[in-house]
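Number of protein chains: 2
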Amino acid sequence: MTATSFHPPQRILMGPGPSDVNPRVLEALSRPTIGHLDPMFVALMDDVKSLLQDSFLTKNKLTMPISAPGSAGMETCFVNLVEPGDTVVVCQNGVFGARMKENVERCGATAVMVQDDWGKPVDPNKLEEALKANPDASIVAFVHAETSTGAISDAEALVKIAHDHDCLTIVDAVTSLAGSELRVDDWNIDAIYSGTQKCLSCTPGISPVSFSEAAIEKIQNRKTTVQSWFMDLNLVMGYWGEGAQRSYHHTAPINALYGFHESLVILQEEGLENSWARHAVNHEALKAGIEAMGLGFFVDEAYRLPQLNAVTLPEGIDEAAVRSELLNRYNLEIGAGLGPMAGKIWRIGLMGHASSQQNVLTCLGALDSVLTNMNAKIDSGKAVSAAMAAFS
Amino acid sequence: MTATSFHPPQRILMGPGPSDVNPRVLEALSRPTIGHLDPMFVALMDDVKSLLQDSFLTKNKLTMPISAPGSAGMETCFVNLVEPGDTVVVCQNGVFGARMKENVERCGATAVMVQDDWGKPVDPNKLEEALKANPDASIVAFVHAETSTGAISDAEALVKIAHDHDCLTIVDAVTSLAGSELRVDDWNIDAIYSGTQKCLSCTPGISPVSFSEAAIEKIQNRKTTVQSWFMDLNLVMGYWGEGAQRSYHHTAPINALYGFHESLVILQEEGLENSWARHAVNHEALKAGIEAMGLGFFVDEAYRLPQLNAVTLPEGIDEAAVRSELLNRYNLEIGAGLGPMAGKIWRIGLMGHASSQQNVLTCLGALDSVLTNMNAKIDSGKAVSAAMAAFS
Numbered sequence: 122m123t124a125t126s127f128h129p130p131q132r133i134l135m136g137p138g139p140s141d142v143n144p145r146v147l148e149a150l151s152r153p154t155i156g157h158l159d160p161m162f163v164a165l166m167d168d169v170k171s172l173l174q175d176s177f178l179t180k181n182k183l184t185m186p187i188s189a190p191g192s193a194g195m196e197t198c199f200v201n202l203v204e205p206g207d208t209v210v211v212c213q214n215g216v217f218g219a220r221m222k223e224n225v226e227r228c229g230a231t232a233v234m235v236q237d238d239w240g241k242p243v244d245p246n247k248l249e250e251a252l253k254a255n256p257d258a259s260i261v262a263f264v265h266a267e268t269s270t271g272a273i274s275d276a277e278a279l280v281k282i283a284h285d286h287d288c289l290t291i292v293d294a295v296t297s298l299a300g301s302e303l304r305v306d307d308w309n310i311d312a313i314y315s316g317t318q319k320c321l322s323c324t325p326g327i328s329p330v331s332f333s334e335a336a337i338e339k340i341q342n343r344k345t346t347v348q349s350w351f352m353d354l355n356l357v358m359g360y361w362g363e364g365a366q367r368s369y370h371h372t373a374p375i376n377a378l379y380g381f382h383e384s385l386v387i388l389q390e391e392g393l394e395n396s397w398a399r400h401a402v403n404h405e406a407l408k409a410g411i412e413a414m415g416l417g418f419f420v421d422e423a424y425r426l427p428q429l430n431a432v433t434l435p436e437g438i439d440e441a442a443v444r445s446e447l448l449n450r451y452n453l454e455i456g457a458g459l460g461p462m463a464g465k466i467w468r469i470g471l472m473g474h475a476s477s478q479q480n481v482l483t484c485l486g487a488l489d490s491v492l493t494n495m496n497a498k499i500d501s502g503k504a505v506s507a508a509m510a511a512f513s
Numbered sequence: 122m123t124a125t126s127f128h129p130p131q132r133i134l135m136g137p138g139p140s141d142v143n144p145r146v147l148e149a150l151s152r153p154t155i156g157h158l159d160p161m162f163v164a165l166m167d168d169v170k171s172l173l174q175d176s177f178l179t180k181n182k183l184t185m186p187i188s189a190p191g192s193a194g195m196e197t198c199f200v201n202l203v204e205p206g207d208t209v210v211v212c213q214n215g216v217f218g219a220r221m222k223e224n225v226e227r228c229g230a231t232a233v234m235v236q237d238d239w240g241k242p243v244d245p246n247k248l249e250e251a252l253k254a255n256p257d258a259s260i261v262a263f264v265h266a267e268t269s270t271g272a273i274s275d276a277e278a279l280v281k282i283a284h285d286h287d288c289l290t291i292v293d294a295v296t297s298l299a300g301s302e303l304r305v306d307d308w309n310i311d312a313i314y315s316g317t318q319k320c321l322s323c324t325p326g327i328s329p330v331s332f333s334e335a336a337i338e339k340i341q342n343r344k345t346t347v348q349s350w351f352m353d354l355n356l357v358m359g360y361w362g363e364g365a366q367r368s369y370h371h372t373a374p375i376n377a378l379y380g381f382h383e384s385l386v387i388l389q390e391e392g393l394e395n396s397w398a399r400h401a402v403n404h405e406a407l408k409a410g411i412e413a414m415g416l417g418f419f420v421d422e423a424y425r426l427p428q429l430n431a432v433t434l435p436e437g438i439d440e441a442a443v444r445s446e447l448l449n450r451y452n453l454e455i456g457a458g459l460g461p462m463a464g465k466i467w468r469i470g471l472m473g474h475a476s477s478q479q480n481v482l483t484c485l486g487a488l489d490s491v492l493t494n495m496n497a498k499i500d501s502g503k504a505v506s507a508a509m510a511a512f513s
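Note that the protein sequences, when read in sequence, are chains A and B. Basically the numbering used here = 1-based index in the first sequence + 121. Basically the numbering used here = 1-based index in the second sequence + 121.
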């Protein structure tokens, strides 16, 4: 075959991620590649670590980006902290809790599942019961912000219960970092992973992680070798460790880290709390528009994520056709439901650079127009002005 | 801390990788991000697979880029093909054979090591002996082009011996792909992995892999679950598989794949065999210059890689000071020795976009000048003209 250069269309990314990337990040990706042991790159790594600590609100020394997507960040947490024979309590209220279970079992450990309905937060009482019933459990894992449903759980409360039962905690913050309040040190989280393609306005492919002193102690005192060479933090620490004496582990994705660094600089300029607030404001306006249309939300307001909106469908609509129309006519991507939620909700992301007044209005206008043209049962023509009113 | 945007210097990358990136690849990285399930992206994935098949000279259906660096491509091969209790023959003649051993052992298998001196190719006779002595071995693993020494092994011969003993083969082609003759189908290689940051002129962070039908059959008939969720090809195949019915596995590193695709388009334009030839020509000129200086090569000419030149040091020189001077005065990066080769050789890469007449002359001129200024025992002032003569 004869292939030619690929020139992607300019989409508006309002699905579950990747979300819109800040143009400064895209520009940073194209800067000249330097060596991964170049003193200038080593200095950049220090900068990245420090900025990432700020975004996680932690002083954890072992805070760094894993050179692979969020799924690899998740696996890095599990393969380092879980040993064969361990019991891990996994709280599940969506797709990603199931993936945690897979990770636990592939480490040769037993996963005790705490199930909550999809769209609900993790119930702290159920976790408490599970820990009482499983006194040998050593780790509790849960998702802070479920990307599959748009529900947020009370991470602080869950971590406290876990610690009361002498368990370490693994927290999925893929969708929450920079979009929702998240305080790694104040909440005493032991291991956390996130992604770059959600509220950080960066391209996908990197997974920020952070580990507490207690987590590091556990990793350094393992009885068994970490099953993954690539993800073994004992080795990765040597590369991302202190000072210039870094030992070669793998070749870092240099240009991807330029982009990630730029996204962290942008976050610093805005301010972490301002970023949380921006996500909240834009959600309120989107909500006003969605409700004016006569549509609803899958998740109760009390634990609804501002950055990931699970919107219920108008009766009898071909939801895939609506998404195709949005993509083809407006270059606008919104997300489908995942797993059991397929065909039941849309997932509208307002994450990172995509969380803007312009995107809220564009999305509502386009959705209103497409649904009206398809004779959907909605209140047509009201969404945009309702959002405008919410903004003003 | 207050951080600002990072603006890297414009280096000339002539170490063991990353090597110089084609400017078209850098530009491609900064194109607009689209969704990983976008029909346009799915079409790009098909293009990438097809171009990658061409570069590996294979028709293997399971040919794709792993969303992480070469080390993860290596691990993907091992965790999918090796099961606990297996015996794997690993041929070692440099750093990366040792890493293969680590991978085998972390899969719960036994590694039988076939050792050759560093700088020598793998000895087919030793492999034959090891397989006779270990009839239960099911896999043979070796490095085609050892980045730590610059020696190439006879992959075709080694695979044939492995197959004669009913073993599948795992081949490290990180440094050979697009730089040296490599024929996956003609040589009947079962599993192969490479990197993007060597002879493909692309940024680091992606690992191309390819698997034969026999390898796929073995993966699909495993008795045990693959220990890594992220690298489980049974799951990854669902994402990179045929047609539009792709199941979500992880979020692909969209922009990194734009860059990778562009690098494959550039390779197609040049022609694979022309790329091999270019690496050979530039090596000959570098060799003429190095020898005119009175320096030598660590690896015998018969199995010396053109793209990775292990050059012996002038007597009594502070080799790290030379590299610093080259970096600081000329923005030129060459590599140090790795592991036991540290302080004994330089590794001068002529890989991908870095394999150019201009780079050969710049490197020789700069090295000649720096060494002369440091009163090293070399024949000064002859290197560049010797290389020019070789080019003409």
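Quick caveat, the hints were computed from the structure, so don't treat them as lab data. Please note: incorrect hints may appear among the correct ones.
Note that the list lumps identical chains together, so a pair holds whenever it fits in one copy or between two copies.
[Stated by the list, open to error] Here are the simulated DSSO-like cross-link-like pairs (lysine-lysine), alpha carbons at most 27 Å apart as the crow flies: (1) 222 to 344; (2) 222 to 241; (3) 180 to 503; (4) 465 to 253; (5) 222 to 253; (6) 253 to 498; (7) 247 to 344; (8) 339 to 465; (9) 281 to 247.
Outcome of the hint check:
1. 222 to 344: For residue 222 and residue 344, both the intra-copy (22 Å) and inter-copy (20 Å) Cα distances are at most 27 Å.
2. 222 to 241: within (19 Å within a copy, 46 Å between copies)
3. 180 to 503: This pair counts as neither: shortest intra-copy Cα distance 47 Å, inter-copy 55 Å.
4. 465 to 253: neither (36 Å within a copy, 60 Å between copies)
5. 222 to 253: within (20 Å within a copy, 42 Å between copies)
6. 253 to 498: Answer is neither; intra-copy 49 Å and inter-copy 74 Å both fail.
7. 247 to 344: Close neither inside one copy (31 Å) nor across copies (35 Å); limit 27 Å.
8. 339 to 465: neither (42 Å within a copy, 38 Å between copies)
9. 281 to 247: within (14 Å within a copy, 58 Å between copies)
Violated hints, in rising order: 3, 4, 6, 7, 8; the structure is consistent with all others.
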